[in-house]
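One line per chain: the protein sequences are A and B, in this order. Letter by letter, the first sequence follows residues 1 to 567 of the working numbering. Letter by letter, the second sequence follows residues 1 to 97 of the working numbering.
Keep in mind that a hint or two might mislead.
With a straight-line cut-off of 30 Å between C-alpha atoms, the simulated DSS-like cross-links for lysine-lysine are [to be verified]:
{"#": "1", "chain 1": "A", "residue 1": "Lys118", "chain 2": "A", "residue 2": "Lys537"}
{"#": "2", "chain 1": "A", "residue 1": "Lys118", "chain 2": "A", "residue 2": "Lys95"}
{"#": "3", "chain 1": "A", "residue 1": "Lys28", "chain 2": "A", "residue 2": "Lys537"}
{"#": "4", "chain 1": "A", "residue 1": "Lys188", "chain 2": "B", "residue 2": "Lys7"}
{"#": "5", "chain 1": "A", "residue 1": "Lys17", "chain 2": "A", "residue 2": "Lys95"}
{"#": "6", "chain 1": "A", "residue 1": "Lys240", "chain 2": "A", "residue 2": "Lys188"}
{"#": "7", "chain 1": "A", "residue 1": "Lys537", "chain 2": "B", "residue 2": "Lys64"}
{"#": "8", "chain 1": "A", "residue 1": "Lys240", "chain 2": "A", "residue 2": "Lys118"}
{"#": "9", "chain 1": "A", "residue 1": "Lys545", "chain 2": "B", "residue 2": "Lys64"}
{"#": "10", "chain 1": "A", "residue 1": "Lys52", "chain 2": "A", "residue 2": "Lys188"}
{"#": "11", "chain 1": "A", "residue 1": "Lys28", "chain 2": "A", "residue 2": "Lys59"}
{"#": "12", "chain 1": "A", "residue 1": "Lys520", "chain 2": "A", "residue 2": "Lys321"}
{"#": "13", "chain 1": "A", "residue 1": "Lys7", "chain 2": "A", "residue 2": "Lys167"}
{"#": "14", "chain 1": "A", "residue 1": "Lys545", "chain 2": "A", "residue 2": "Lys188"}
{"#": "15", "chain 1": "A", "residue 1": "Lys240", "chain 2": "A", "residue 2": "Lys435"}
{"#": "16", "chain 1": "A", "residue 1": "Lys118", "chain 2": "B", "residue 2": "Lys64"}
{"#": "17", "chain 1": "B", "residue 1": "Lys7", "chain 2": "A", "residue 2": "Lys167"}
{"#": "18", "chain 1": "A", "residue 1": "Lys203", "chain 2": "B", "residue 2": "Lys7"}
{"#": "19", "chain 1": "A", "residue 1": "Lys52", "chain 2": "A", "residue 2": "Lys23"}
{"#": "20", "chain 1": "B", "residue 1": "Lys64", "chain 2": "A", "residue 2": "Lys188"}
{"#": "21", "chain 1": "A", "residue 1": "Lys17", "chain 2": "A", "residue 2": "Lys34"}
{"#": "22", "chain 1": "A", "residue 1": "Lys271", "chain 2": "B", "residue 2": "Lys7"}
{"#": "23", "chain 1": "B", "residue 1": "Lys7", "chain 2": "A", "residue 2": "Lys240"}
{"#": "24", "chain 1": "A", "residue 1": "Lys188", "chain 2": "A", "residue 2": "Lys95"}
{"#": "25", "chain 1": "A", "residue 1": "Lys59", "chain 2": "A", "residue 2": "Lys46"}
{"#": "26", "chain 1": "A", "residue 1": "Lys7", "chain 2": "A", "residue 2": "Lys46"}
{"#": "27", "chain 1": "A", "residue 1": "Lys167", "chain 2": "A", "residue 2": "Lys240"}
Just so you have them, the derived chain A footprint on chain B, three or more residues with Cβ under 8 Å [what the hints assert, rightly or not]:
{"#": "28", "segment": "40–46"}
{"#": "29", "segment": "79–89"}
In case anyone wonders, no lab produced these hints; they're calculated from the structure. The structure presented is a predicted model; accordingly, all values stated were derived computationally and were not measured. We treat Cβ as the ideally placed atom computed from N, Cα and C, and that holds for glycine.
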Amino acid sequence: MDIDPSKLTPMGQLNLKNYMEGKAVLEKLEEMTKDPMRYNTEVLMKILRDNKDTEYGRKYGFADIHSIEEYQKRVPITMYDDYAGYIYQMTEEGKTDLITSYHVGHYAKSSGTMGNPKRIPVSDESVAILDRYNQQVRTAIQCEALGLGWIEPPVINLIEAPMTTLKNGATYGAISGRIVLSLGEHLKLFMTSPQEALVPDPKTNTRYLHARFALMNRDVTMVVCSYISLTLEIMQYIEKEWRMLVRDIEEGTIDESIKMPDEVRRSLEAKVEPMPERAAELRAIFEKGFDEPVMPRIWPNMVIIVGISTGGFADYLRRLKEKYAGEGFRYLFPGVTASEGLFTNPLAMDDVNAIVVPDSMFYEFIPVDTGDPADIVTMDKLEVGRLYEIVATNFSGFYRYRMRDALKVTGMHNSTPLMEFQYRIDQCLDMTGEKTTEVALREALERTERSLGFDVIDFSAYPDASGDPLRYVYLLEPDGMPEGLTREEIAEELNRNLCDTNPQYGYKFEKGIFGRLDVKYVQPETYLLYRDLAISKGTASSQLKPPHILNNEMQRRFFLALLEEGQ
Amino acid sequence: MEIIESKEGNRTVLRIVGRLDTTTAPDLDSYIRSNQVADGLVLDLSELEYISSAGLRVLLAANKLMVNRGGMSVRNVQDMVMEVLEATGFTDVLTME
Numbered sequence: 001m002d003i004d005p006s007k008l009t010p011m012g013q014l015n016l017k018n019y020m021e022g023k024a025v026l027e028k029l030e031e032m033t034k035d036p037m038r039y040n041t042e043v044l045m046k047i048l049r050d051n052k053d054t055e056y057g058r059k060y061g062f063a064d065i066h067s068i069e070e071y072q073k074r075v076p077i078t079m080y081d082d083y084a085g086y087i088y089q090m091t092e093e094g095k096t097d098l099i100t101s102y103h104v105g106h107y108a109k110s111s112g113t114m115g116n117p118k119r120i121p122v123s124d125e126s127v128a129i130l131d132r133y134n135q136q137v138r139t140a141i142q143c144e145a146l147g148l149g150w151i152e153p154p155v156i157n158l159i160e161a162p163m164t165t166l167k168n169g170a171t172y173g174a175i176s177g178r179i180v181l182s183l184g185e186h187l188k189l190f191m192t193s194p195q196e197a198l199v200p201d202p203k204t205n206t207r208y209l210h211a212r213f214a215l216m217n218r219d220v221t222m223v224v225c226s227y228i229s230l231t232l233e234i235m236q237y238i239e240k241e242w243r244m245l246v247r248d249i250e251e252g253t254i255d256e257s258i259k260m261p262d263e264v265r266r267s268l269e270a271k272v273e274p275m276p277e278r279a280a281e282l283r284a285i286f287e288k289g290f291d292e293p294v295m296p297r298i299w300p301n302m303v304i305i306v307g308i309s310t311g312g313f314a315d316y317l318r319r320l321k322e323k324y325a326g327e328g329f330r331y332l333f334p335g336v337t338a339s340e341g342l343f344t345n346p347l348a349m350d351d352v353n354a355i356v357v358p359d360s361m362f363y364e365f366i367p368v369d370t371g372d373p374a375d376i377v378t379m380d381k382l383e384v385g386r387l388y389e390i391v392a393t394n395f396s397g398f399y400r401y402r403m404r405d406a407l408k409v410t411g412m413h414n415s416t417p418l419m420e421f422q423y424r425i426d427q428c429l430d431m432t433g434e435k436t437t438e439v440a441l442r443e444a445l446e447r448t449e450r451s452l453g454f455d456v457i458d459f460s461a462y463p464d465a466s467g468d469p470l471r472y473v474y475l476l477e478p479d480g481m482p483e484g485l486t487r488e489e490i491a492e493e494l495n496r497n498l499c500d501t502n503p504q505y506g507y508k509f510e511k512g513i514f515g516r517l518d519v520k521y522v523q524p525e526t527y528l529l530y531r532d533l534a535i536s537k538g539t540a541s542s543q544l545k546p547p548h549i550l551n552n553e554m555q556r557r558f559f560l561a562l563l564e565e566g567q
Numbered sequence: 001m002e003i004i005e006s007k008e009g010n011r012t013v014l015r016i017v018g019r020l021d022t023t024t025a026p027d028l029d030s031y032i033r034s035n036q037v038a039d040g041l042v043l044d045l046s047e048l049e050y051i052s053s054a055g056l057r058v059l060l061a062a063n064k065l066m067v068n069r070g071g072m073s074v075r076n077v078q079d080m081v082m083e084v085l086e087a088t089g090f091t092d093v094l095t096m097e
């Protein structure tokens with residue numbers, strides 16, 4: 001290693017420390033993959049042992065369980081409602097030892113876009129696991145692949161961490177924010193975005209802050225976001241507002257039109273100074289236009305982008321690469337982490353496959369095609385190519401908890417499955433048992449875009465049972481349509497493609513159970529409005545997922561009120 | 001679209017006439033920001049015939065902008081525009097007089 005640690009900044013030193021510790025964890029992970037059931041069984045036994053004296057542990061006799069089979073016989077499969085009463089007593093009355101003996105310092109706000117968010121307990125043990133894999137192991141993967149050239153800050157961090165405090169003193173907010181806050185004082189040493197964007201006041205325009213402070217810094221090496229769509233969104237904002245951003249950087253000002261409380265503005269104004277040279281450099285880049293990817297020219301040292309890009313986010317990654325990033329960056333796809341814990345972790349850069357982590361929690365799996373809890377299996381029984389729902393027993397008080405996420409087994413590493421997130425099980429169109437997933441809807445649309453030569457900003461779909469036969473409706477926000485291309489032509493092609501991407505739909509279409517789907521256009525800026533409105537109602541931007549499937553009436557009314565005129 | 005300004009005590013009243021859509025929404029946005037309304041804002045929508053997503057984004061932004069500047073309210077909303085405000089959940093976000 002040709003690097004002198006004493007010459008590194010504190011954040012560089014932390015990255016180096018994470019690298020060294022992460023290497024050891026990565027080696028241990030590799031070892032565990034050879035016999036994952038041994039380690040996973042140990043995890044279950046530890047959880048049962050540690051929690052045998054909790055109310056839940058006594059109720060189900062944890063003390064007398066000594067095998068997976070006994071555990072499956074005695075303890076029921078659960079959903080959130082099974083814990084809601086306990087969680088209320090924990091958060092509102094400060095009670096402990098109900099479902100977990102571990103200290104719960106945080107409750108994760110689950111991402112419900114329109115519904116009531118849940119409070120998912122996150123114990124200190126779970127946070128330690130998240131830190132171990134999210135920071136140490138991922139730093140090690142990046143160093144192993146890229147060397148140490150990137151370990152010095154700054155980093156564009158787009159994960160915001162709005163937090164509130166519950167009655168019992170625990171913090172409450174998105175799990176992604178909790179992970180970021182684990183960095184504590186180090187945060188301000190490596191992030192381009194100011195504290196006012198990390199823990200934002202709801203009235204602050206954080207899009208401006210992330211973009212402006214990132215542009216100020218030429219030396220950025222990495223972007224970190226929860227979903228890759230956020231990076232795309234910031235780049236779209238830069239393309240639209242670069243003149244104002246560059247002027248502010250040049251003059252050391254914050255444009256009057258940018259929304260933020262007065263005290264936030266005063267605090268930020270104290271942090272910015274005129275940067276005429278950087279502004280001139282940026283202006284020269286932007287004046288050449290956005291036909292060629294601009295990110296490598298804005299940030300010549302940038303090497304890594306970290307963000308979820310699987311499932312519904314794959315198309316955002318494609319658009320980011322095509323329009324702004326080019327092909328020169330390396331990507332780390334973070335695997336599957338939910339409020340309930342870390343399920344999978346990547347093993348290498350640029351690989352969407354991630355490995356089930358045997359010491360993160362105890363796993364069981366229900367095959368999605370049957371959906372029958374009687375078919376539940378442990379990880380040694382998984383079949384490559386098949387979809388499964390995870391049933392989690394974690395370090396935060398959930399036992400045999402149905403996650404409602406569909407993950408596909410994409411392969412094996414040693415004896416441990418590689419899995420990729422596919423879709424939320426409750427998020428599919430299912431009028432007659434055809435189960436059209438978000439993946440099928442998106443693939444059909446992408447094929448149609450390619451064959452007819454158009455592009456959309458975003459899309460949604462919903463089931464329409466108002467007529468006979470039944471049908472689906474796609475809502476599209478067009479991003480420029482070729483002259484003469486009609487909605488009818490798009491609907492025909494889309495229907496053909498959907499018959500391919502979901503053969504069950506195709507079969508039922510052939511039999512006349514479904515009529516040809518319909519296509520409607522929503523007005524420009526509708527998806528931005530949807531995001532802005534959700535954020536104004538308190539949803540963290542890092543938790544906002546694209547509303548690709550409209551299953552509730554509130555969402556449907558929103559989009560149908562914003563159709564292009566004449567439809 | 002036409003914007004007609006008047007005063008009601010310290011409050012600024014903007015009567016919006018015509019359509020608030022992708023073409024005209026930036027004009028209302030600039031108007032509100034450049035005039036630096038400080039003591040409360042009322043949007044009189046009695047002659048607003050149509051509002052699009054872009055127009056709603058401007059209302060949302062103005063509502064936020066006015067939080068520390070005396071607040072913002074909306075009045076005299078025509079039925080067709082009101083249907084859009086209700087369907088999109090804006091009636092929960094905006095103060096309706």
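Violated hints - listed by number, lowest first: 3, 4, 5, 8, 10, 11, 13, 15, 17, 19, 22, 23, 24, 26, 27, 28
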